[in-house]
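Trainee: Please arrange chain U on chain G, whose structure you already have, making use of the hints.
Each chain, written out:
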Amino acid sequence: MTDSQKPRILMCPADYFGIEYEINPWMSVQKGTDPERSSAQWKALHQTLVDLGVEIDLMEPVKGLPDLVFTANAGLVYHDLFIPSRFRYKVRQGETPRFEEWARSRGFRIVELPAGENFEGAGDALFCGDALFAGYRFRSDVQSHQWIGERLGVEVLPMELIDPRFYHLDTCFCPLAPGVAVYYPGAFDEYGRSVILDRIPTLIEVRAEEAVFFSCNAVVVGSTVVLNQGAPKLTADLERLGYQTRALDLSEFIKSGGSAKCLTLRIDGEEAANWKSAATPS
Amino acid sequence: MMASPEQQATASRSTKTDAKPKGVVDEIEVRGHIVDSLLLPKILDRILQMGGAFEIHECKIGVKRSDPSYARIGVHADTPEALDAIIGDLVEHGASPVHPEDVRAVPADVATAFPENFYSTTNQQTQVRLHGRWIDVENQEMDCGVALDVEAGRAWCVPMIHVTIGLPIVVGHAGIRVLPVERARESSPFGFMGSSVSSEKPKAISLRSVAESIRATRAEGKKVLLVGGPAIVHTGSSEHVAQLIREGWIQTLFAGNALATHDLEQALYGTSLGVSLTHGAAVEHGHEHHLRAINTIRRAGGIARAVASGLVTSGIMYECLNQDVDLVLAGSIRDDGPLPEVITDSIVAQDRMRESVRGVGFALLIATALHSIATGNLLPAWVKVVCVDINPATVTKLADRGTFQTIGMVTDVEPFLRSLAAELSSPVQGESSPS
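Which chain is which? The protein sequence lines are G and U, in order.
The first sequence begins at 3 in this note's numbering and counts up by one.
The second sequence begins at 690 in this note's numbering and counts up by one.
In isolation and in its complexed conformation, chain G is listed as follows (with noise of 0.2 Å):
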């Protein structure tokens, strides 16, 4: 790990990107995505990060990964400790020997989960201040999120995801800052719905028409949203709380069901995580 103070991001270029099976109901081999187009649109949002002073760390793409590219679902990140995904699908498990290889390159040191229990990363496990947020029932498992928050020592909110569209709980969760977040309630059970509403003071929900288009799935950068284009009024509301917006063409993405935050994964701690801040744990 380097000691830069710059933010940090995991990124994984879209040479290989397509869609080659179908694992989400976003995704359609028949429709396929534009190999241009895609790649074009995964530079600007790279250029988009770099404009905002990230320091990007690129991971090498594999051919029959296609998925490779969405980095946020490597594993999950804490001070220096990785823990790598459990791929509930066999056709993503290839990915996670290639991010473990990259967590041990970069100084990480690797907490195994227990065998047989699915965890796929920063996908389905964000923290907001203290507490990290997880999301369970199509890819992960609550037990994953349990074990995970005693061998921390955080405190785990597992949440039902009941909407197969929002099947990761980045697609309709994003924290912004320690008690700020946006969320699409649709994608949560009341329980879910509670949590969220109880623990998190200023709360910012999307609507049903604007979910679809991932805009939960956002880049937080200090002050600045990166998110994917058609969402007016979440823009809105985000700039009335203060925040600037970055709205970008991701739509070859969306096809296999990923946006923005899909795409990277925060390494030095994400903006509304309280340990980034913190002190290493011994």
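Hints were generated in silico from the structure; no laboratory data involved.
The structure displayed is predicted, hence computed values, not measured ones.
Think of the CB as a built atom: it goes at the ideal place given N, C-alpha and C, for glycine as much as any other residue.
Don't take each hint at face value.
To be verified - Keeping only pairs whose Cα atoms sit at most 16 Å apart, straight-line, the calculated EDC-like set for lysine to aspartate or glutamate is:
# : chain 1 : residue 1 : chain 2 : residue 2
1 : U       : K892      : U       : E1103
2 : G       : K65       : G       : E22
3 : U       : K753      : G       : E152
4 : G       : K45       : G       : D59
5 : G       : K257      : G       : E22
6 : U       : K753      : G       : D132
Unchecked claim - Short, incomplete list of chain G residues facing chain U, as computed with Cβ under 8 Å:
#  : residue
7  : Q145
8  : E152
9  : G155
10 : V158
11 : M161
12 : Y193
Mentor: Coordinates of chain U only, in the frame set by chain G:
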């Protein structure tokens, strides 16, 4: 944060009102941040939504937010399938079954004795977990051990006396679950009777229910067992029982030397213990009839021969032999004679009774305390038992010794049997007479 007020209300309400156990029970545990994430109230709600009920057996709440909490919950459902469905669902929400281990067995080291710490059975349906699967224990009987055939994947109740060296016997309580018999529902013909013993129950309704149960048992293809004492003959009820047998309502009869002797005395002399059953008075030298009857049958070579030769032409024994009823006569220390068919080795008699109760769906226990209790001990809890006796203590004793499913009727047996025979004789609308 805790559960919202409505959720707290749901949880506490269900803890109280649904605490009454339903049919099958298993325990789950859930740990982690289950309070603030509302996983605990959610799990409790899901149990109720899926038709189950719960009891919280243990609950430890973490002090700090990062402290995990823990709850151990008993989950009740009507059937094993429903329970599996509920637990399968709860696992998705982070719960895990508390007893994931297989049953443990050790080879018997002493013949006719169980190993130390053996599992002692009840008459309730029992299952053991073998290779991760729950299997039924066969031949369910109280006060036995459970023998295991791991390769064949079978488990069965085994009486102490039949233990052979090396037979694997279940020890401890791990990997064992009991599926209690559901309490009779309001709609069941037995529902109204409850389990209390009283002489002040409406007899006609009780009687109709017994008759309906006998009909239902036969319709299901199961056997009806009659366990009778000598009072059946003393009270002049032989003919009613003979009629029930003749009409095909009884498939199995358990009794002692006395019922058979009095029945044969009546067939041969028209008396029971010397009392004329037609006049109701003692006849001259009548007290000898009892022993003379036994002697006659012994001289004839047994009851079966006496019937075959035409010596005995009426009565309960006569009908049993004619109708091919499975007859088990178990002897006791005070028996006169006894009759040749009486089994005087009580272990042999016990085993014969054990064999004969298989397939019994309804047992009618009439005017005999010891035979009734012996039979009750052999019957699984799901066999309906009706005990009719003039003495309420007989019924109470039976229930106290574990045959809790017994329904008691305190009444003189003669009017009961007369009415039962009449009730069963009259055809029910839409039904034909029994085969």
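Trainee: The structure should be examined with respect to each hint, and the outcome stated for every one.
Mentor: Results for each hint:
1. Our distance criterion of 16 Å between C-alpha atoms is met by K892 (chain U) and E1103 (chain U), whose separation comes to about 13 Å.
2. Our distance criterion of 16 Å between C-alpha atoms is met by K65 (chain G) and E22 (chain G), whose separation comes to about 11 Å.
3. With a C-alpha separation of about 13 Å, the suggested pairing of K753 (chain U) with E152 (chain G) holds against the 16 Å cut-off.
4. At most 16 Å may separate the alpha-carbon atoms for a hinted pair to count; K45 (chain G) and D59 (chain G) meet this at roughly 14 Å.
5. At most 16 Å may separate the alpha-carbon atoms for a hinted pair to count; K257 (chain G) and E22 (chain G) meet this at roughly 12 Å.
6. A C-alpha spacing of about 12 Å is found between K753 (chain U) and D132 (chain G), which places the hinted pair at or below 16 Å, so the restraint holds.
7. Contact between Q145 (chain G) and chain U, as hinted, is supported at the beta carbon level, the nearest pair being about 6 Å apart and thus within 8 Å.
8. Annotation: E152 (chain G) was flagged as interfacial toward chain U, and the flag holds, the nearest CB pair being 6 Å apart, inside 8 Å.
9. With a least beta-carbon distance of about 6 Å to chain U, the hint placing G155 (chain G) at the interface is held under the 8 Å criterion.
10. Nearest Cβ of chain U to the Cβ of V158 (chain G): about 5 Å, under the 8 Å cut. The hint holds.
11. The restraint placing M161 (chain G) at the interface with chain U holds, with a minimum CB-CB distance near 7 Å, inside the 8 Å limit.
12. Below 8 Å, beta-carbon pairs count as interface contacts, and Y193 (chain G) has one with chain U at about 4 Å; its hint therefore holds.
Every hint, counting from the list given before, is met by this structure.
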